[in-house]
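S.K.: Starting from the structure of chain A, add chain B where the hints point.
Protein chains in written order, with the numbering used here: chain A, 4 to 404; chain B, 4 to 404.
There's no promise every hint is true.
Given that identical chains are not distinguished, each listed pair holds provided it fits within a single copy or across any two copies.
[Said to hold, decoys possible] Subject to a maximum C-alpha distance of 27 angstroms in a straight line, what follows is the list of computed DSSO-like cross-link-like pairs (lysine-lysine):
#1 218 x 142
#2 39 x 297
#3 20 x 346
#4 346 x 143
#5 55 x 39
By construction, these hints were calculated from the structure, which means they are not laboratory data.
Keep in mind that this is a model prediction, so the values were computed, not measured.
2 protein chains.
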Amino acid sequence: MNFHDLTRQLQRQSESKIVLLVADGLGGLPMKPGDKTELETAITPNLDALAKRGTLGLSTPVLPGITPGSGPGHLGLFGYDPVVYNIGRGVLEALGIDFELGPKDVAIRGNYCSLDEEGKISDRRAGRIGSDVGAKLCKKLDKIEIPGVEVFVRHVKEYRLVIVFRGEGLEGDVHDTDPQRTGVEPLEPTARSEGSAKTVEIAKQFLAQAREILKDDFPANFLTLRGIAKKPDIPTYEEVYGTRSAAIAVYPMYRGLARLVGMDVLDAGQTLDDQCARLEAAWDDYDFFFMHFKYTDSTGEDGNFDAKVKRIEEFDAAIPKITGLNPDVIVVTGDHSTPSKMKSHSWHPVPTMIAADNCRYDACDTFGEATCLTGGLGQFPAKYLMSLALAHAGRLEKYGA
Amino acid sequence: MNFHDLTRQLQRQSESKIVLLVADGLGGLPMKPGDKTELETAITPNLDALAKRGTLGLSTPVLPGITPGSGPGHLGLFGYDPVVYNIGRGVLEALGIDFELGPKDVAIRGNYCSLDEEGKISDRRAGRIGSDVGAKLCKKLDKIEIPGVEVFVRHVKEYRLVIVFRGEGLEGDVHDTDPQRTGVEPLEPTARSEGSAKTVEIAKQFLAQAREILKDDFPANFLTLRGIAKKPDIPTYEEVYGTRSAAIAVYPMYRGLARLVGMDVLDAGQTLDDQCARLEAAWDDYDFFFMHFKYTDSTGEDGNFDAKVKRIEEFDAAIPKITGLNPDVIVVTGDHSTPSKMKSHSWHPVPTMIAADNCRYDACDTFGEATCLTGGLGQFPAKYLMSLALAHAGRLEKYGA
Chain A
4 MNFHDLTRQL QRQSESKIVL LVADGLGGLP MKPGDKTELE TAITPNLDAL AKRGTLGLST
64 PVLPGITPGS GPGHLGLFGY DPVVYNIGRG VLEALGIDFE LGPKDVAIRG NYCSLDEEGK
124 ISDRRAGRIG SDVGAKLCKK LDKIEIPGVE VFVRHVKEYR LVIVFRGEGL EGDVHDTDPQ
184 RTGVEPLEPT ARSEGSAKTV EIAKQFLAQA REILKDDFPA NFLTLRGIAK KPDIPTYEEV
244 YGTRSAAIAV YPMYRGLARL VGMDVLDAGQ TLDDQCARLE AAWDDYDFFF MHFKYTDSTG
304 EDGNFDAKVK RIEEFDAAIP KITGLNPDVI VVTGDHSTPS KMKSHSWHPV PTMIAADNCR
364 YDACDTFGEA TCLTGGLGQF PAKYLMSLAL AHAGRLEKYG A
Chain B
4 MNFHDLTRQL QRQSESKIVL LVADGLGGLP MKPGDKTELE TAITPNLDAL AKRGTLGLST
64 PVLPGITPGS GPGHLGLFGY DPVVYNIGRG VLEALGIDFE LGPKDVAIRG NYCSLDEEGK
124 ISDRRAGRIG SDVGAKLCKK LDKIEIPGVE VFVRHVKEYR LVIVFRGEGL EGDVHDTDPQ
184 RTGVEPLEPT ARSEGSAKTV EIAKQFLAQA REILKDDFPA NFLTLRGIAK KPDIPTYEEV
244 YGTRSAAIAV YPMYRGLARL VGMDVLDAGQ TLDDQCARLE AAWDDYDFFF MHFKYTDSTG
304 EDGNFDAKVK RIEEFDAAIP KITGLNPDVI VVTGDHSTPS KMKSHSWHPV PTMIAADNCR
364 YDACDTFGEA TCLTGGLGQF PAKYLMSLAL AHAGRLEKYG A
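Looking at chain A on its own, in the form it has when it is part of the complex (with noise of 0.2 angstroms):
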């Protein structure tokens, strides 16, 4: 019997309500010996107050050592083992612009480049176009046919975008064609195994009609294919937790992967104040809200470590939002560490913490890395913070008599 075998087995319907709240790369390092993280640096009297009623911990978003995107980090906050399930990046971007896949869907993230004259790429984002140029191009490339299957070329934001081919025996096994660097031409799609020769064949389809109608929209004149992937076959929230469960998330990928486990995607508006707004609207809906933070992480991965500072005490101060509706459980926590010291994601633990009425209180009165190693939740598998939520609002029955 699996995690999920056991959960499906003892969920409790419940009119209790979590909020699981993720500060995207909230974990930290500080810039020098004897310093302080970003958390431990911010003043956040809320999240404070939170962890002197709940129990923190340290989450390891996928195993030791190794450094998660937000992907994996996600799919690990939600419950399922994010080495067993294996999200391609193409799948969470169409994912995140509503757009239904399906089981015969090959999902590519696009990046619009540029090339020079040589065919060589100059610029791997086409110096940034607008969304307004970057979607026109998507209608031009929408057009495009290939026998056998049928393509969906759809805006992102930018120069992003998501193609979709559908159509029988397509598999998403197929490498980048983005070579990761300028001044070379762009790579030729290939197989990593056997079952996706269909999909390199489209891909190449796709790619030399794309070359033709970009051929004089420089800045944007070519794109490359990123995380070429099928969706995977995943059980929903409701199958395995039981909850009506809801997101309310800025940025589309955390949409899409809220999607992909079967919450709905509520509209987050733009802002904290927005998703705390929207969150009261529908707190009679759900029974489970999951709320994402995305500038702790990009300010992370900027190197800023002041600006990281200034964002942790922004979500801090939306906290009293949020306990004011009175939620059984409020999980916080990060779906992976995004040190400023390294200007990427990392592997280290991350912050975590579940404030309840029944938690067992540790002796933890603030919130940061050096409290939490020594939390009530001591350093745990991230995959089990939904089992753990889910247990502080009664919302599972006891395993065997």
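M.R.: Here is chain B on its own, set in the frame of chain A:
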């Protein structure tokens, strides 16, 4: 996808260097309540300096409560689940004397023993004969011929030898013939499972010939067979981690273990000084170095608390020679605990630290069992030490988008 599928997929090439320092049997116990362990008693300024800039923890070699032999202990440190990869003692001994084991080989550790007039064992180690005598007897036994297989007999040290049967249809699932006590006859070889019937037959023929050949060589007038085993199918370090890896170990078994996972085995000399000199000489040729120090284990097995303390201090004194080479990551650990109080290996978790620039600091500023318990690595399975080391060395890509 298993752990090594993940590391295979995420390998990143880098100039970074990792040194894994294994002080065998490092973990200990106080001799009485309230006292310190061997490691805590030892004066270790260099290890403590690493602790200040590193992250500490306690590693569990196999599973809680399971006391590992050296084989499983090291396999865990190397990132191979020791419950999955089970390596027979005979295989280790053969690898340790540079015997190249092939897929048709069954390797056996032999011990010369003394039989009395009644054929009962009077000394399980043949009066600890010198290596000169042992070597001569092995030359005699190496002449044994058995139809259908090749037989190799190689001397190891003193009363110890290795026997290899090479042929079709040989399996290694055969009980030891060493009864583990004196005053009784050696046991007959017997199969633990059907597939090993042929090996049992060959072993019986070998022992019959050996009895005749050795009959006038008291105190070494017979031998017992132990650790009968085939080489497991184990992926190499280069394949799973992408590192050029070298072992600097004085004792054969540890060289054998390192060779088993594909490390180059360097001439380690006889002392820690020799080992450090070899490390420096080979510095440019490898990415990963495994350096083994035996005497923390042997003094623990002797029950000599003070001697183990001294050996730990000797180990500490070598640290500056290693840090002087500026490795990107230093890992210090043991393959298991060997508390002097118990005079044996034990199951107690092992003091472990990783020192690197991107460590998340913890409050630990000395290296000992009590500080490791509060360390940032927490308590973790030893098999994840390699992914942690690779992560700190920048040698793993992000998992997923």
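S.K.: Indicate which option fits the pair residue 346, residue 143 if close means a Cα-Cα distance not exceeding 27 angstroms: within, between, both or neither.
M.R.: neither (37 angstroms within a copy, 66 angstroms between copies)
S.K.: Are the CA atoms of residue 39 and residue 297 at most 27 angstroms apart within a copy, between copies, both, or neither?
M.R.: Close inside one copy (22 angstroms), not across copies (39 angstroms); limit 27 angstroms.
S.K.: At 27 angstroms max between alpha carbons, let me know whether residue 218 reaches residue 142 within a copy, between copies, both or neither.
M.R.: within (15 angstroms within a copy, 78 angstroms between copies)
S.K.: With identical chains, the pair residue 20 and residue 346 could be close in the same copy or across copies; at 27 angstroms between alpha carbons, which is it: within, between, both, or neither?
M.R.: So residue 20 and residue 346 pass the 27 angstroms test across copies only (21 angstroms; inside, 35 angstroms).
S.K.: When no copy is named, should residue 55 and residue 39 be tagged within, between, both, or neither for a Cα gap of at most 27 angstroms?
M.R.: So residue 55 and residue 39 pass the 27 angstroms test inside a copy (20 angstroms) and across (15 angstroms) alike.
Checked against the numbered hints above, the structure breaks only hint 4 and satisfies the rest.
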